[in-house]
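Sequences are here, hints too, so could you generate the full structure?
The residues making up each chain are set out below.
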Amino acid sequence: MSKTSITSQGNAIRTDSLRSVIALACAESRHLLHVLYALQRQFLHISDAALREVAAYLDIPISQVDAVVEFYSFLHKSPRGRFDIMFSNCTSCGDPELLRLLCQRLDVVEGESRADGLVSIDQTSCIGMCDHGAALLVNGTPIAHLDAGMIERIAILIETERPLADWPAELFVVTGNIRRAGLLLNDGLAAGDGLRAMLACGATGTLGEVIQSGLRGRGGAGFSTGMKWQFCREERGRARYVVCNADEGEPGTFKDRVLLHSHADAVFEGMTICAAVIGAKQGFLYLRGEYRYLLPQLQMVLVRRREMGLLGTGILGKIGFDFDIEIAVGAGAYICGEESALIESLENKRGIPRNRPPFPVTHGYLGQPTVVNNVETFAAAAHIALRGSAWFRKSGTDESAGSKILSVSGDCAKPGIYEYPFGVSIRQVLDDCGAQDVQAVQIGGPAGTLIGNAEFDRRLCFEDLSTGGSIMVFGEKRDLLAVIRNFAHFFAHESCGFCTPCRVGTTLLRKRLSKIAAGRGTQYDLDEMKRLAALVKHRSHCGLGQTASNPVLDAMHRFPHIFEQRLAQSDFEPYFDLDAALEEARQVTHRNDAAAHLE
Amino acid sequence: MNEDAKMVTPNTINIDGQDIPFTAGQTIMDAAFAAGVYIPHLCHRPGLTPHGSCKLCTVDIRNRIAASSPSDRRTQTKFTVDADSRSVSACTTPAAAGQQISSNTPALNEVRKTITQMLFIEGNHLCPSCEKSGDCTLQAVAYHLGMLDGHFPQFFPRREVDASHPTVMLDRDRCILCELCVRASREVDGKNVFAIAGRGIDAHLIVNSPSGTLEDSGLETGDMAVHICPVGAILIKEHGYEVPIGRRTFDLHHVGEAGLEKVVLAKARHHDE
Numbered sequence: 001m002s003k004t005s006i007t008s009q010g011n012a013i014r015t016d017s018l019r020s021v022i023a024l025a026c027a028e029s030r031h032l033l034h035v036l037y038a039l040q041r042q043f044l045h046i047s048d049a050a051l052r053e054v055a056a057y058l059d060i061p062i063s064q065v066d067a068v069v070e071f072y073s074f075l076h077k078s079p080r081g082r083f084d085i086m087f088s089n090c091t092s093c094g095d096p097e098l099l100r101l102l103c104q105r106l107d108v109v110e111g112e113s114r115a116d117g118l119v120s121i122d123q124t125s126c127i128g129m130c131d132h133g134a135a136l137l138v139n140g141t142p143i144a145h146l147d148a149g150m151i152e153r154i155a156i157l158i159e160t161e162r163p164l165a166d167w168p169a170e171l172f173v174v175t176g177n178i179r180r181a182g183l184l185l186n187d188g189l190a191a192g193d194g195l196r197a198m199l200a201c202g203a204t205g206t207l208g209e210v211i212q213s214g215l216r217g218r219g220g221a222g223f224s225t226g227m228k229w230q231f232c233r234e235e236r237g238r239a240r241y242v243v244c245n246a247d248e249g250e251p252g253t254f255k256d257r258v259l260l261h262s263h264a265d266a267v268f269e270g271m272t273i274c275a276a277v278i279g280a281k282q283g284f285l286y287l288r289g290e291y292r293y294l295l296p297q298l299q300m301v302l303v304r305r306r307e308m309g310l311l312g313t314g315i316l317g318k319i320g321f322d323f324d325i326e327i328a329v330g331a332g333a334y335i336c337g338e339e340s341a342l343i344e345s346l347e348n349k350r351g352i353p354r355n356r357p358p359f360p361v362t363h364g365y366l367g368q369p370t371v372v373n374n375v376e377t378f379a380a381a382a383h384i385a386l387r388g389s390a391w392f393r394k395s396g397t398d399e400s401a402g403s404k405i406l407s408v409s410g411d412c413a414k415p416g417i418y419e420y421p422f423g424v425s426i427r428q429v430l431d432d433c434g435a436q437d438v439q440a441v442q443i444g445g446p447a448g449t450l451i452g453n454a455e456f457d458r459r460l461c462f463e464d465l466s467t468g469g470s471i472m473v474f475g476e477k478r479d480l481l482a483v484i485r486n487f488a489h490f491f492a493h494e495s496c497g498f499c500t501p502c503r504v505g506t507t508l509l510r511k512r513l514s515k516i517a518a519g520r521g522t523q524y525d526l527d528e529m530k531r532l533a534a535l536v537k538h539r540s541h542c543g544l545g546q547t548a549s550n551p552v553l554d555a556m557h558r559f560p561h562i563f564e565q566r567l568a569q570s571d572f573e574p575y576f577d578l579d580a581a582l583e584e585a586r587q588v589t590h591r592n593d594a595a596a597h598l599e
Numbered sequence: 001m002n003e004d005a006k007m008v009t010p011n012t013i014n015i016d017g018q019d020i021p022f023t024a025g026q027t028i029m030d031a032a033f034a035a036g037v038y039i040p041h042l043c044h045r046p047g048l049t050p051h052g053s054c055k056l057c058t059v060d061i062r063n064r065i066a067a068s069s070p071s072d073r074r075t076q077t078k079f080t081v082d083a084d085s086r087s088v089s090a091c092t093t094p095a096a097a098g099q100q101i102s103s104n105t106p107a108l109n110e111v112r113k114t115i116t117q118m119l120f121i122e123g124n125h126l127c128p129s130c131e132k133s134g135d136c137t138l139q140a141v142a143y144h145l146g147m148l149d150g151h152f153p154q155f156f157p158r159r160e161v162d163a164s165h166p167t168v169m170l171d172r173d174r175c176i177l178c179e180l181c182v183r184a185s186r187e188v189d190g191k192n193v194f195a196i197a198g199r200g201i202d203a204h205l206i207v208n209s210p211s212g213t214l215e216d217s218g219l220e221t222g223d224m225a226v227h228i229c230p231v232g233a234i235l236i237k238e239h240g241y242e243v244p245i246g247r248r249t250f251d252l253h254h255v256g257e258a259g260l261e262k263v264v265l266a267k268a269r270h271h272d273e
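Chain order of the listed sequences is A and B.
First residue of the first sequence: 1, per the working numbering; consecutive thereafter.
First residue of the second sequence: 1, per the working numbering; consecutive thereafter.
Treat each hint with caution, since some may be false.
As the list claims (entries may be wrong) - In silico DSS-like cross-links for lysine-lysine, where the CA-CA straight-line distance does not exceed 27 Å:
#1 A:Lys-511 to B:Lys-191
#2 A:Lys-77 to B:Lys-191
#3 A:Lys-414 to A:Lys-318
#4 A:Lys-477 to A:Lys-511
#5 B:Lys-191 to B:Lys-237
#6 A:Lys-414 to A:Lys-511
#7 A:Lys-318 to A:Lys-349
#8 B:Lys-113 to A:Lys-530
#9 A:Lys-349 to A:Lys-77
#10 A:Lys-349 to B:Lys-113
#11 A:Lys-281 to A:Lys-318
#12 A:Lys-530 to A:Lys-477
The set of hints was computed from the structure by calculation and includes no laboratory data.
Take a look at the structure:
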């Protein structure tokens, strides 16, 4: 950047170009994250001037724009490289060694932009490519199957400044990896089939079918979908809204990626059926920022559905059946998968979970009754509208009707999508995915449950082990403590910061684990960690904090040896490491000889 | 309080064995406050929208309907301490007839002490050099809970001081993110001067102005937002140590006394002086 003094003329030009980007973005959508994304893409960051212009254009406080920019991981206040790389740090689709290699190869300090502005490299939470090996996002587009050779190719493409559009297409191939199709994935559903069945049966009749089917929320919490729709339908409001939660952020989960890629019609159809049932005119699909690459084709599906009369005014010729769907794209915040935080994000705010009650079903988007359901839930609802509740109930267990689409990843031969009737045993899943010498399985992602081989006969269903879809397999050779540390880091990074127990507690857990991993922990540290984990779990504001210490508690309960074998042979080790504290002085003085160390 | 409404709905909740009446629309905190029962809190102030972020007012409710909220994942694992009780914030949870609430118990006060320690160590709280010492609710709550140390290692964050305003000083080192100033400015002053930005442990107080500093924010000395800070993050300039240590609010009053808010707000003219 030049050092010439900024003239008022220069300022005016800059302001004009900011305003034109903002105006263009707003013509597409006035959602704040969309406008900020457009600015970030054009100017590689959101400058203070941009903050002021956006606030003025959208007529919202500057502090609100600022707060949002600083909340979401994909938005930046200082310039990123022209090639901005976000390397997944998930245990399934990340690889710290390859990240280091790329940083080294391109001479980039992790987390910073290179001085010439060409490239920046940073870590990001799971990007949902867990069935594709190590993966990264370059300017938002995923590249998977990374290895040392791929890293070299990418480094060359960046150094030769080849525009991303000209990179070889095979780099960007993402496949569905559907290994086992079941009730939903086997069931052909042509666009409009579910809607026609719904109209034939009537909205009330269809609601009855959805209730009868026993369909429960596929995000993991498992609330009755039909009851949620009914509560919303009965609630008085100026308007009602349908929101599809496609903010699939739980590490190890990628089934929504595949559903949105290959079964988007079923998802949109389910949303439209819900709209008819509750009387909504407007729907939103909240797509996680990591899946932005799916946006063009999702928009195409929406356009096609409007052309087919499946969205818009007078759907399928029925007067008064008006409904349309807008796609809002997130910007790197796991917490926005929490339904009320998602709604806050839709309302151009930071993704802070609301106090409940009231629940979204009575006070949701813009304070109006709102149904928020998972991608898979809407897809299942569309199939139920067509096939009926009895068809659905034939699969699964008493309390968990139907099927569950699993994202299986980690140490197994065949990672991918597996659809089973509810009630399937963990052992069955492990056999099918070719997992051998399994040490542990993380069910439902870091927020879920970690089990060992004594429990592989447990079943996947709401009565036993519930999951939003993530199944992560850890073989005998895995350093399980490193996995737990990875999860602790994840929660500390993704905590929204609203409530004290989660904001401070997740960071304290992360630090305590580091101390133990470094061989400086004692029994005292284990006791402390247990006490802290219980407090975070029971006293946090929302589901994130309430589950953040699950990996620590599960591991301490089922795999105590991974901690105990690292303990120092003393009653107490202080947190403060005198020798480590001298590191800054060593760096400043360029010394690393024996005399510069205490030991 | 509307006395008529009280007559119409003679409902009660029970806190630590004591029956406490409530009226429709009241939270557990409202009902406790009206009955003179102290539930420790930092981010709550009667008259402002309840927030529920500090979690000091955490209480346990027993004997609620077994089915908890659908997103309450605590019930899904074996580590649930007691399936018959659930933890809520008293300041945001509506009072409901028959609630059996634990509040002033050794276990809950231990939880509160730990949360208070968390608030101390995540910021830079150096009481002896802070003008707010003795008038600081965080400090008073810490004494009330018997907190003798920070327990956890200090985070020592680097936070910005904003001294740009002619009469008001913002020292973020002491901010506990309670958002009382955010709400007071928005709901009482009608100005919207403050907001929280960032995420997780990096969350911090920001100022809603073109420069991002207080000088062009429209904040005035008389604003409630200036006086409501429970700690020493927002201070009025040129009014240091007018009330000597030993004669300050919490030297003379227990933090649980009712009506202290007024005392704290009118600090410069101490009502006992």
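Original post:
Which hints, by number, does the structure contradict?
Top reply: 1, 3, 6, 7, 10
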